[in-house]
Amino acid sequence: GQNIDQPTEMTATEGAIVQINCTYQTSGFNGLFWYQQHAGEAPTFLSYNVLDGLEEKGRFSSFLSRSKGYSYLLLKELQMKDSASYLCAVSPPGRRALTFGSGTRLQVQP
Amino acid sequence: ETGVTQSPTHLIKTRGQQVTLRCSSQSGHNTVSWYQQALGQGPQFIFQYYREEENGRGNFPPRFSGLQFPNYSSELNVNALELDDSALYLCASSLLAGDTQYFGPGTRLTVL
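Protein chains in written order, with our numbering: chain A, -9 to 100; chain B, 59 to 170.
What the hints contain is simulated information worked out from the structure, not anything from laboratory work.
Among chain B residues calculated to face chain A with C-beta under 10 Å, some are:
| id | residue |
| --- | --- |
| 1 | V62 |
| 2 | Q64 |
| 3 | S91 |
| 4 | Y93 |
| 5 | Q95 |
| 6 | P101 |
| 7 | Q102 |
| 8 | F103 |
| 9 | Q106 |
| 10 | R115 |
| 11 | T158 |
| 12 | F161 |
| 13 | G162 |
Within a straight-line C-alpha distance of at most 20 Å, the following computed SDA-like cross-link-like pairs (lysine to any residue) qualify:
| id | chain 1 | residue 1 | chain 2 | residue 2 |
| --- | --- | --- | --- | --- |
| 14 | A | K47 | B | Y160 |
| 15 | A | K66 | A | R95 |
| 16 | A | K47 | B | T158 |
| 17 | A | K47 | B | D157 |
| 18 | A | K71 | B | P163 |
| 19 | A | K71 | A | A2 |
Note that the structure is predicted; figures quoted are calculated from it, not measured. The beta carbon of each residue, even a glycine, is placed where N, CA and C say it ideally should be.
Generate the whole structure from the sequences, applying the supplied hints.
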């Protein structure tokens, strides 16, 4: 089976840095995705980690530790538009189905 | 290059009815996956189609069925609608079956 855990809600201040954690326990693992989803909209692809380590892409970075079943998404220089849900998703071998966590709702305050 | 499109945007049905949702994949993508997203939850995998064949299915009953056409567009059909089927239905396309999935805007289904 698959079990993915993320905090339900987080609040941060504009201009600050926030780290959103994701832990997973899966029967098979190929890689981990992060998606951003604004209310009422489709999830938008942010990052994909297969190997251990940090992947940096502009203000967003994603980290993976396969041995610990742990990932985080790091958002720097927070902007109001970053207020959204952040979904962690695991892809199994074969990578047909993505298994999503429930998402972390991030509120950025002025 | 157009992204993933879905129709209709919103739909209201009554219990017991049938519904068909449509999805056009991103140009060049031959794989389409369907997900159901209940309010406050992450998307749940329904099934995936690759080159017109079902290529994996999640834990959904047989009244959820699908098709993929030669142009790689896809349909999701749900029979005998239940109240719990009310959700956002997301379609995602990818270049190949194992690649990054890109989502459409979704269809909001309400079952009364």
